[in-house]
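S.K.: Line by line, the protein sequences are chains A and B. Take the first sequence: its letters are residues 1 to 276, numbered as in full-length UniProt numbering. Take the second sequence: its letters are residues 1 to 287, numbered as in full-length UniProt numbering.
Some clues are possibly wrong.
[To be verified] Examples of chain A residues lying across from chain B (beta carbon under 10 Å, computed):
#1 LEU20
#2 ALA21
#3 PRO113
#4 PRO114
#5 ALA169
#6 ARG176
#7 GLU246
#8 ARG250
#9 VAL269
#10 CYS273
Hints are computed from structural coordinates only; laboratory data are not their basis. All figures in this text were calculated on a predicted structure; none of them were measured in a lab. Don't be surprised by glycine CBs; every beta carbon is placed ideally from N, CA and C.
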Amino acid sequence: MAAEILAESVYYQYSQAKDLALKDINLRIQKGEFVAIIGPNGSGKSTLAKLFNGLFIPAKGSVRVDGLDTRDRENIWKIRQKAGMVFQNPDNQIVATVVEEDVAFGPENLGVPPEEIKKRVYEALKIVELTDFDQKAPHLLSGGQKQRVAIAGVIAMKPDYIILDEPTAMLDPVGRREVINTVKRLNREEGKTIVLITHFMEEAVQADRVIVMNRGRVVMEGTPREIFSRVEELKEIGLDVPQVTELAHRLKGRGLEVRGDILTIDEMVECLCPLL
Amino acid sequence: MPIVVKNLTHIYMPGTPFQSVALQDVNWTIEDGEFWGLIGHTGSGKSTLIQHLNGLLKPTSGEVIIDGVNINERGVNLREIRQKVGLVFQYPEHQLFEETVEKDVAFGPKNMDLPEEEIGRRVREALELVGLNYSEIKDRSPFELSGGQMRRVAIAGVLAMKPKVLILDEPTVGLDPRGRDEILREIVRLRERQNITVILVSHSMEDIAKLVDKIAVMHRGRMVDSGTPREIFRNYEGLSSIGLDIPQITHLMLRLKHQGKDVSTEVLTVEEAEAEILRAARRKGRA
Ligand SMILES: Nc1ncnc2c1ncn2[C@@H]1O[C@H](COP(=O)(O)OP(=O)(O)OP(=O)(O)O)[C@@H](O)[C@H]1O
Ligand SMILES: Nc1ncnc2c1ncn2[C@@H]1O[C@H](COP(=O)(O)OP(=O)(O)O)[C@@H](O)[C@H]1O
Ligand SMILES: [Mg+2]
Ligand SMILES: [Mg+2]
Chain A
1 MAAEILAESV YYQYSQAKDL ALKDINLRIQ KGEFVAIIGP NGSGKSTLAK LFNGLFIPAK
61 GSVRVDGLDT RDRENIWKIR QKAGMVFQNP DNQIVATVVE EDVAFGPENL GVPPEEIKKR
121 VYEALKIVEL TDFDQKAPHL LSGGQKQRVA IAGVIAMKPD YIILDEPTAM LDPVGRREVI
181 NTVKRLNREE GKTIVLITHF MEEAVQADRV IVMNRGRVVM EGTPREIFSR VEELKEIGLD
241 VPQVTELAHR LKGRGLEVRG DILTIDEMVE CLCPLL
Chain B
1 MPIVVKNLTH IYMPGTPFQS VALQDVNWTI EDGEFWGLIG HTGSGKSTLI QHLNGLLKPT
61 SGEVIIDGVN INERGVNLRE IRQKVGLVFQ YPEHQLFEET VEKDVAFGPK NMDLPEEEIG
121 RRVREALELV GLNYSEIKDR SPFELSGGQM RRVAIAGVLA MKPKVLILDE PTVGLDPRGR
181 DEILREIVRL RERQNITVIL VSHSMEDIAK LVDKIAVMHR GRMVDSGTPR EIFRNYEGLS
241 SIGLDIPQIT HLMLRLKHQG KDVSTEVLTV EEAEAEILRA ARRKGRA
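The whole structure should be built from the sequences, with the hints applied where relevant.
M.R.: This is the structure in structure tokens:
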């Protein structure tokens, strides 16, 4: 059985809409990958995310999660358990008045036995580094902490795939960093497959692979270095590159000997030091 | 219409077990035509503070004075204040309620008793200002849009009232990079053309650094600092200890400085960094 999310010739249309929201999507997300999806507003990212875990069913084509077809009603619960979702607004995702209960909510609904739930909640909170917060009221936590509680709730379902739809959009800089570090750790240390939808290019840079969407289609796919060196094309469709990438691009244009595919501050420092 | 906030304290649900002190003794003066950035960690009190500026929230103690008038005194027409002090909420979906985008954006101007023609013109103009195609979007339901499209409609609704003071609570959350730039550029242009006052609440240190004249910093309900971007972003340690940061490009300059390079760290934008690095490279005969 294939360990992957596989989308083949997927089309999707909202019932009220004139136009297709997704057109001819062909994608493979392999187990263990960290994939970022970027694209302008309305390009279809959230729609795609909901197709990945069977919340939406393709109008044409198919989505398979570990070989399970989302069109087959019988598979739906298995698929939702395998592919967990985290959304933008931390306040809308909290269901309980104590952190521990919030994290336990998912597995309880799956009918997991109480002893096992306890263990899962503890482990999930440990992974997001919130073990000391288990008895706290979620509404008293910072935005970044709330998002990590939401992530713990997903982890407690033991999914292989975690799909995060702009999880840092509403957070302050430190909250954003906390969540991104948690996401990276989930991928590197826990072996979770990550699909991260984001409008922050500095976050997309940290993925193994970047998928670019525009007007319902996948228009670019590659490593962050491949994608973000195509500065003009990205700007053309309304996207951007990180500030250091932009700077490298400009300096190169001014005749300075810097690489055009800089992605991080570290790389930029290394590249500039011999010149200054 | 200058705004003066005096000893403002706000307590949510006072006298209950849920009591929470959201603002404590805040003092702030906003002069006509100023462009302020308001920053602070989540829960620091930013949204609570700005909702006092158009009378949506009432102080537990302290005053909000607009054009010399304490707006919480009896007899003050808050509807008029809200037309002059336009507020774009943090959660745009809370601001949208009509069945079509067109009606939604027209709601504010309608309440101002403007002639039909003027309303129509303003709606079209506001939607184009936020980068939406008027004829494509006007008849759609605001609730069947993508997150970023909804946000744009909410901003258009406030712009259509042509407020004198424009307050935007994290207006670029969920916008794509072009949307972010377009809307911010539009605000800058609006301000230059109509000389309005702008208060921008944002977690994007990059945007704040690029745009505003002055920054106010909130931390746990108090205004702990205010000053020009250069003054505020000089203090990296202080900012990061309260959940904030400096722009990525300023980080880069600090790192170069730590490597012993002769560069200024008072750099806030990519353009400034470009000039500064070229200058340093020239000194070394490398450019
Ligand atoms: N409930 C809905 N009913 C009808 N059309 C919808 C609905 N939700 C989204 N759409 C449309 O489907 C298209 C794709 O929307 P989607 O939410 O997937 O975009 P997105 O890439 O996630 O955008 P954003 O960056 O703004 O979140 C857009 O044209 C949008 O207007
Ligand atoms: N409607 C409300 N009821 C009770 N407490 C609130 C409400 N809104 C905000 N608070 C509390 O007030 C404090 C400041 O919140 P807020 O003004 O939303 O901060 P910010 O906008 O800086 O994130 C927080 O502790 C928050 O939990
Ligand atoms: Mg979306
Ligand atoms: Mg707020």
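S.K.: None of the hints should be skipped; say for each whether it holds.
M.R.: So, going through the hints one by one against the coordinates:
1. Violation of the interface hint for A/LEU20 is found here, the shortest Cβ-Cβ separation to chain B being roughly 14 Å, above the 10 Å cut-off.
2. Checking A/ALA21 against chain B: minimum C-beta separation of about 9 Å stays under 10 Å; hint holds.
3. The beta carbon of A/PRO113 is not positioned within 10 Å of any beta carbon in chain B (closest approach about 34 Å), and the interface hint is therefore violated.
4. At about 29 Å, the closest approach between the beta carbon of A/PRO114 and any beta carbon in chain B exceeds 10 Å, and the interface hint on this residue is violated.
5. Evaluation of the A/ALA169 hint against chain B yields a held restraint, the C-beta minimum of about 5 Å falling below 10 Å.
6. Given hint, A/ARG176 at the interface with chain B, holds; its Cβ is 8 Å from that chain's nearest Cβ, closer than 10 Å.
7. The beta carbon of A/GLU246 is positioned within 10 Å of a beta carbon in chain B (closest approach about 5 Å), and the interface hint is therefore held.
8. A cut of 10 Å between beta carbons decides the hint on A/ARG250: the least distance to chain B is about 5 Å, and the hint holds.
9. Taken as an interface hint, A/VAL269 checks out: its beta carbon lies about 5 Å from the nearest beta carbon of chain B, inside 10 Å.
10. Hint status for A/CYS273: holds, given a least beta-carbon distance of 6 Å to chain B, under 10 Å.
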